[in-house]
Structures are given as C-alpha cells and as structure tokens.
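Whole structure, please, built from the sequences with the hints as guidance.
There are 2 protein chains.
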Amino acid sequence: MGKPAALGLTKENILLSAVSLFNTKGYSGTSVRDIAKKASVNAANISYHFNGKQGLLESCFTRFFESYLECLEMEADKLDFTPADECLKRAVFNVLQFQSENHLLARFVWREISIDSQVVREIISSYLMKERYLLKRFFEMGLDQNRFTSMPVSIFIIQLKSMMSMPFLNSQYLREVWHVFPQEQHFVDRYFTSLEQWIDQCLLIRSAVPRVSTL
Amino acid sequence: MGKPAALGLTKENILLSAVSLFNTKGYSGTSVRDIAKKASVNAANISYHFNGKQGLLESCFTRFFESYLECLEMEADKLDFTPADECLKRAVFNVLQFQSENHLLARFVWREISIDSQVVREIISSYLMKERYLLKRFFEMGLDQNRFTSMPVSIFIIQLKSMMSMPFLNSQYLREVWHVFPQEQHFVDRYFTSLEQWIDQCLLIRSAVPRVSTL
Chain C
1 MGKPAALGLT
11 KENILLSAVS
21 LFNTKGYSGT
31 SVRDIAKKAS
41 VNAANISYHF
51 NGKQGLLESC
61 FTRFFESYLE
71 CLEMEADKLD
81 FTPADECLKR
91 AVFNVLQFQS
101 ENHLLARFVW
111 REISIDSQVV
121 REIISSYLMK
131 ERYLLKRFFE
141 MGLDQNRFTS
151 MPVSIFIIQL
161 KSMMSMPFLN
171 SQYLREVWHV
181 FPQEQHFVDR
191 YFTSLEQWID
201 QCLLIRSAVP
211 RVSTL
Chain P
1 MGKPAALGLT
11 KENILLSAVS
21 LFNTKGYSGT
31 SVRDIAKKAS
41 VNAANISYHF
51 NGKQGLLESC
61 FTRFFESYLE
71 CLEMEADKLD
81 FTPADECLKR
91 AVFNVLQFQS
101 ENHLLARFVW
111 REISIDSQVV
121 REIISSYLMK
131 ERYLLKRFFE
141 MGLDQNRFTS
151 MPVSIFIIQL
161 KSMMSMPFLN
171 SQYLREVWHV
181 FPQEQHFVDR
191 YFTSLEQWID
201 QCLLIRSAVP
211 RVSTL
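Top to bottom, those sequences are chains C and P.
Per our numbering, residue 1 is the first one in the first sequence, and the count goes up by one each step.
Per our numbering, residue 1 is the first one in the second sequence, and the count goes up by one each step.
Any given hint might turn out to be false.
A pair counts as met if it fits within one copy or between any two copies, since identical chains are not told apart.
[As the list claims (entries may be wrong)] Quick list of in silico lysine-lysine cross-link-like pairs, BS3-like style, CA-CA up to 27 Å:
(1) K25 - K130
(2) K11 - K38
(3) K11 - K53
What the hints contain is simulated information worked out from the structure, not anything from laboratory work.
Structural data, given as structure tokens:
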C-alpha cells in the first residue's frame with residue numbers, strides 16, 4: 001500500500017474513533033489522549049491530520065454537511081423539469097440513506113449542532129443557510145407547479161427536518177425502546193414510506209396524484 | 001422570607017444557571033466552579049443541594065420527565081370516554097406548552113439523552129419506557145375506536161416524538177435560520193396547528209371527522 005493511502009486510512013481511523021468516543025463521553029468529555037488511544041496512534045498524528053480536537057470537530061461537520069447538502073442539491077437540480085414532490089421524495093430518501101450509512105457521525109453532528117458555540121454559529125450561517133435555500137426551493141416549486149397545498153413553508157420544513165434527523169440522533173432510544181435500528185436498510189425503506197405518506201397527505205393537493213383510497 | 005423558601009430559590013437558581021451553561025459549553029465542558037460562579041453561590045451549596053454535577057444532571061432529567069409524562073398521562077386517563085384523536089391533540093399541546101415554558105431545560109435534556117451513558121440508559125429504561133406505554137395507548141385506542149387508520153405504530157410515534165422535540169432541541173437553529181422562537185406562545189399555537197393537521201391527515205380515517213374540504 002502506498003504512503004498516501006496509508007495516511008488516508010490513519011486519518012479516517014482517527015475520525016471514526018473520535019466520533020465513537022464523542023457519542024459515549026460527549027465532545028468536551030473526550031481528550032485527544034482518549035482518541036489517540038482508541039485509534040492506536042500517537043497524539044502527534046491527531047495534530048498533524050486535524051490540528052487538534054477543534055479541527056476534528058470541524059472535520060466532522062464539514063464531512064457530514066458536504067455530503068448531506070449534496071443529497072438535497074442533486075435533486076433540487078431537477079426541479080425545473082420534474083414534479084417537486086418526486087424530487088423532494090428522492091431527496092428525503094438520499095438523506096435517510098446517507099445518515100444510515102454514517103449513523104455515528106449523524107448522531108454526533110445533530111447533537112453537537114444544538115450547542116450554542118462559535119463553531120456552531122459558523123456552521124449555521126454557512127451550511128444550514130444553504131440547506132434552507134435548497135429545502136425552500138422544493139416547497140416553492142411545489143407551490144408554483146400547483147402540486148403543493150398552501151402552507152406555512154417554514155413550519156413544514158421544520159417538521160420534515162425533525163422527522164429526517166431525529167431517528168439518527170436518538171438511535172439508542174430507537175434501539176432500546178422500539179427495537180428499531182436506524183443503521184439498517186430495512187429501517188430506511190420502512191421509514192421512507194412513512195415520510196412519503198406525509199408528503200402525499202400533508203403537502204400534495206388532492207387532485208395532484210392519482211390516489212388509491214383504501215376506505 | 002422564611003428559610004425554606006430562600007433555600008428553594010438557591011436550588012432553583014443553581015439548576016437554571018447550570019442548564020444555561022450546559023447549553024453553551026456542554027455538560028462535560030462545564031465545571032462545578034463555573035456553575036457556582038454563574039449562580040453567585042459557594043460551590044459547597046451545589047454539593048449540599050445536588051450532591052455534585054452528576055446529581056444536577058439527574059435533577060434536570062427528573063424535573064423534565066416528571067412534568068413531561070404528566071402532560072401525556074392526564075390526557076391518556078381520558079381515553080376510555082373521549083375520542084383518541086382529541087386526547088392525543090391535547091397531549092401534544094400540553095407537551096409543546098410545557099417545553100416552551102421550559103425551553104432551556106428541554107433543549108439540554110433532548111441533547112443529553114442522545115449520549116450513550118449509564119445515566120441515560122437508566123432514564124430510557126424508566127421514563128422513556130413509560131412514555132412508550134402512554135403514547136402507544138393513544139394510538140391503540142384510536143385503532144380500537146375505529147378512528148385511526150391502520151399504520152406501523154412505532155414509526156408513527158417516532159415521527160410524532162421527532163416533531164414535538166426537535167424545535168426545542170434546535171431553538172438556536174430555528175431562531176437564526178427561520179426567525180422562529182420556540183419559547184413564544186405564538187410558536188406553540190402555530191406549530192400545534194400543523195401537528196393537529198398531521199393527526200387529521202395521516203392518522204384519522206376519512207369518515208371519522210366532518211372535514212371541510214378546501215378543494
């Protein structure tokens with residue numbers, strides 16, 4: 001194995017070890033020494049790759065939000081020639097799938113984002129403002145296309161975001177109380193169906209889709 | 001003012017100061033000294049009232065979940081002689097109102113509950129198992145009363161819980177990105193309307209309510 005690949009592996013290993021510790025001991029409760037021990041590397045490696053614990057935190061945010069926004073963006077790009085509900089559903093699926101595959105990182109990021117700190121304020125003003133722009137596009141296009149019913153967009157986006165992120169933030173609760181496992185494909189598929197239903201029943205105007213009534 | 005009242009005030013003051021610090025510096029990032037300074041008390045007072053930082057954490061959980069479960073319980077008690085959707089709506093309103101009035105505590109508790117620690121495991125096996133029991137009763141009674149459509153109960157409870165808690169966990173995000181303030185009555189009323197709509201459109205069978213169609 002070449003040197004760059006090995007370096008990449010070390011970096012990945014440090015990041016995953018850190019996230020795992022952050023989820024059990026909290027960010028502040030985890031020291032660089034703990035991370036070095038868990039990753040079986042020298043603490044100097046953490047300085048080299050991440051410039052310390054704060055750098056690791058920023059890497060977690062960057063890695064998560066870059067991919068997360070891509071999940072939304074690739075579907076938002078199709079809004080000009082595809083029904084908004086179709087695009088929104090695919091975006092929701094992408095987001096669930098991405099979080100399921102990176103469930104430890106998702107859990108940490110959604111928790112840490114609720115801390116009122118300088119780094120979080122920066123994340124909000126960059127990534128989450130972009131997320132707002134993208135999510136609003138789905139809803140506004142749905143209204144323009146006469147597919148979505150009139151609604152308070154901000155409140156509906158807050159609801160959707162809640163439903164998309166909470167199972168991953170509270171994976172331990174889901175596991176222990178409901179025996180449901182957000183990291184499994186089965187959960188993604190099942191949960192997606194219920195979010196699809198939310199879009200059909202709370203967003204779509206009745207005449208917009210051929211619906212099969214079960215009543 | 002009598003001594004017990006003054007003591008009660010000191011205790012309250014310590015708890016509120018602690019919660020405020022936990023929300024900016026995290027639980028692990030806050031020391032007993034920080035709390036004593038913020039509350040303008042001697043650190044010995046914290047030992048006396050809470051038996052240290054761990055005791056403070058447990059008091060936060062206990063205070064939050066006792067009242068939270070009461071919000072659900074007082075409506076669950078009416079299920080035998082009231083339509084389940086009515087009871088569920090009132091329970092949802094109680095929960096939103098309680099969290100809005102205790103928004104800093106709610107924010108801290110919902111964040112901390114996602115940490116994989118011993119104390120959280122105990123909270124899950126006591127309070128959150130009771131919450132599961134109560135929430136399931138609303139849904140099961142709705143099915144028994146032929147008011148709710150057949151659905152995967154666990155998934156729907158996870159959705160409802162997500163929507164009820166997330167705005168309070170992410171109050172900073174709501175404030176900065178959406179200019180929406182979960183501690184205000186206006187938010188509670190507006191957000192409640194959208195959860196009512198979710199219950200009507202995703203849970204209720206069509207024939208269960210006289211609905212005014214806007215189409």
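Results of checking the hints against the structure:
1. With identical chains, the CA atoms of K25 and K130 are at most 27 Å apart between copies only, with a shortest distance of 26 Å across copies and 31 Å within one.
2. In the homo-oligomer, the alpha carbons of K11 and K38 lie at most 27 Å apart inside one protomer (13 Å), although the nearest pairing across protomers, at 39 Å, exceeds that limit.
3. In this homomeric assembly, K11 and K53 come within 27 Å of each other (Cα to Cα) only inside a single copy, at 13 Å, whereas the closest approach across copies is 34 Å.
Checked against the numbered hints given earlier, this structure breaks none of them.
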